[in-house]
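*Asks:* Residues in the sequence shown are numbered consecutively from 298, following the numbering used here.
If you are wondering where the hints come from, they were derived from the structure by calculation, not from laboratory data. Hints are not guaranteed to be accurate.
[What the hints assert, rightly or not] Think about it this way: if two alpha-carbon atoms lie no more than 30 Å apart in a straight line, the pair counts; the simulated DSSO-like pairs of lysine-lysine are:
1. Lys323 to Lys427
2. Lys430 to Lys323
3. Lys324 to Lys336
4. Lys323 to Lys337
5. Lys315 to Lys352
6. Lys323 to Lys357
7. Lys337 to Lys315
8. Lys430 to Lys324
9. Lys336 to Lys381
10. Lys381 to Lys352
11. Lys337 to Lys381
12. Lys315 to Lys427
13. Lys315 to Lys430
14. Lys315 to Lys336
15. Lys315 to Lys381
16. Lys324 to Lys427
17. Lys430 to Lys337
18. Lys323 to Lys336
19. Lys357 to Lys336
20. Lys430 to Lys357
21. Lys324 to Lys357
22. Lys381 to Lys324
23. Lys337 to Lys352
24. Lys352 to Lys336
25. Lys381 to Lys323
26. Lys337 to Lys324
27. Lys381 to Lys357
28. Lys357 to Lys337
29. Lys427 to Lys357
[Unchecked claim] Beta-carbon label-pair distances, calculated as ranges:
30. Asn453 to Ser341: 24 to 30 Å
31. Asp487 to Lys324: 31 to 37 Å
32. Gln447 to Arg416: 42 to 48 Å
For each residue, glycine too, the CB sits at the ideal point set by N, CA and C.
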Amino acid sequence: MDRKHRKSENGSTPAIIKAARQLFLKKGYDGVNLDTIAKKASVSRQTLYNIFGSKEAIFKAVLNDHWSSIAGHSDLEAETFPPKASAAEVLRIFADRALAFVDNLEQVDFTRLVIAESRHAAWIGHEFYKVGKGPLLASLTSEIMRLDVQGLLTCNNPSLAAHQFFGLLLEMTFWPYVMSIGAATRELPDREEAVDGAVLMFTARYGVKVKRDI
C-alpha cells in the first residue's frame, strides 16, 4: 500500500470510531458487524479491515476513545490541583471532574453495554476497566498517597481508600441511573449534596486527627 493511500485510510479512523460507537450503543456488540460499521462510516469494508483487522479491535478502539478524555488526562493529575488545597478541596475537584465526564460521554449507556456483553465476552469488561476506571482509580490513589505524605490525610491503604471514595460518590450519582430505577431517582439527594456527603465521610475516616493536650 502506498503512503498516500495509507494516509487516506488513517484519516477515516475518527469517522469509523464514531460510527462504531453509535452502532454498538444501539445494537450491542453482537448486533454489529464490519459491513454495518463500514456502511455507517461511509468507507469500504476493506478500508475498515486494513485499519483495524477485526470487530474486536474496533470495539477496543471505541473504548479507548471513550475514556481518552479522562484516563490519564492531565486534568486529573496532581500538578493540576491547587498546590495548597486541602484534602476536602482535592476530593471535590476530583469528584466534579469525574462526574462531568459521566455527563458528557454517555457513560451510563456504555456501562449498561459493557455489563450486558461481559456475560458472554469477559474481555469486554476487562478492557473497559483497564482503559477507564483502572487508570482513574490509580490517579485518585496517587493523590491520596500525596495527601498522606503531606500530612493532610492519614491513610495506610490508599488503593482501598480510592475505591471507597468512588463507592460513596457513585452510589448516589451514577448507579441508580445505570439500573434505571425510574421515579425513585427523585428521592436521591442532588449531586452537590451527594459530593459533600462523600467528602465529609471520607475525611471523617481518613482526616488527620488533631492531638489535644490533656
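*Asks:* Next step is simple, just say for each hint if it's right about the structure.
*Replies:* Hints versus structure:
Distance restraint check for Lys323 and Lys427: the Cα-Cα separation of roughly 23 Å lies within the 30 Å cut-off, and the hinted pair is therefore satisfied. Distance restraint check for Lys430 and Lys323: the Cα-Cα separation of roughly 23 Å lies within the 30 Å cut-off, and the hinted pair is therefore satisfied. As the CA atoms of Lys324 and Lys336 are separated by approximately 15 Å, the hinted pair is consistent with the 30 Å bound. Taking the CA atoms of Lys323 and Lys337, the gap is near 13 Å; set against the 30 Å cutoff, the hint holds.
As the CA atoms of Lys315 and Lys352 are separated by approximately 14 Å, the hinted pair is consistent with the 30 Å bound. Taken as a hint, the Lys323 and Lys357 pair is honoured in the structure, with Cα atoms around 17 Å apart against an allowance of 30 Å. Distance hint between Lys337 and Lys315 is fulfilled; the C-alpha atoms sit about 9 Å from each other, no more than 30 Å. Restraint check for Lys430 and Lys324: the C-alpha separation of about 24 Å stays at or below 30 Å, so the hint holds.
About 53 Å separates the Cα atoms of Lys336 and Lys381, which puts this hinted pair outside 30 Å; it is violated. For the hint linking Lys381 to Lys352, the alpha-carbon distance of about 47 Å lies beyond 30 Å, and the restraint is violated. Only pairs whose Cα atoms come within 30 Å are accepted, and Lys337 paired with Lys381 is rejected, the gap being roughly 49 Å. Only pairs whose Cα atoms come within 30 Å are accepted, and Lys315 paired with Lys427 is accepted, the gap being roughly 21 Å.
For a cut-off of 30 Å, the pair hint linking Lys315 to Lys430 stands: about 21 Å separates their Cα positions. Between Lys315 and Lys336 the CA atoms are separated by roughly 12 Å; this keeps the pair inside 30 Å, and the hint holds. With a CA separation close to 40 Å, the supplied pair Lys315 and Lys381 exceeds the 30 Å bound. Among the hinted pairs, Lys324 with Lys427 is consistent with the structure: their alpha-carbon atoms are about 23 Å apart, no more than 30 Å.
For the hint linking Lys430 to Lys337, the alpha-carbon distance of about 29 Å falls within 30 Å, and the restraint holds. With a C-alpha separation of about 15 Å, the suggested pair Lys323 and Lys336 falls inside the 30 Å cut-off, and the hint holds. Between the alpha carbons of Lys357 and Lys336 the distance comes to roughly 19 Å, so the proposed pair stays at or under 30 Å and holds. A threshold of 30 Å between alpha carbons decides the hint, and for Lys430 with Lys357 the separation of about 15 Å falls inside it, so the pair holds.
Restraint check: the Cα-Cα separation between Lys324 and Lys357 comes to about 16 Å, which is no more than 30 Å; the hinted pair holds. Proximity of Lys381 to Lys324 is assessed by CA-CA distance (about 48 Å); at most 30 Å being required, the pair is judged violated. With a CA separation close to 14 Å, the supplied pair Lys337 and Lys352 stays within the 30 Å bound. Taken as a hint, the Lys352 and Lys336 pair is honoured in the structure, with Cα atoms around 14 Å apart against an allowance of 30 Å.
Under the criterion of a C-alpha separation no larger than 30 Å, the hint pairing Lys381 with Lys323 is inconsistent with the structure, at around 45 Å. Our distance criterion of 30 Å between C-alpha atoms is met by Lys337 and Lys324, whose separation comes to about 13 Å. The hinted pair formed by Lys381 and Lys357 fails the criterion: a straight-line CA distance of about 39 Å is larger than 30 Å. Between Lys357 and Lys337 the alpha-carbon distance is near 18 Å, which keeps this suggested pair within the 30 Å criterion.
Pair hint Lys427 plus Lys357 holds up; C-alpha atoms about 11 Å apart against a cutoff of 30 Å. The hint said 24 to 30 Å for the Cβ distance between Asn453 and Ser341, and at roughly 57 Å that hint is violated. Between Asp487 and Lys324, the C-beta spacing of about 34 Å keeps the proposed range 31 to 37 Å intact. Between Gln447 and Arg416 the C-beta distance comes to about 43 Å, which sits within the given range of 42 to 48 Å.
Taken one by one, the earlier hints fail for this structure at numbers 9, 10, 11, 15, 22, 25, 27 and 30, listed in ascending order.
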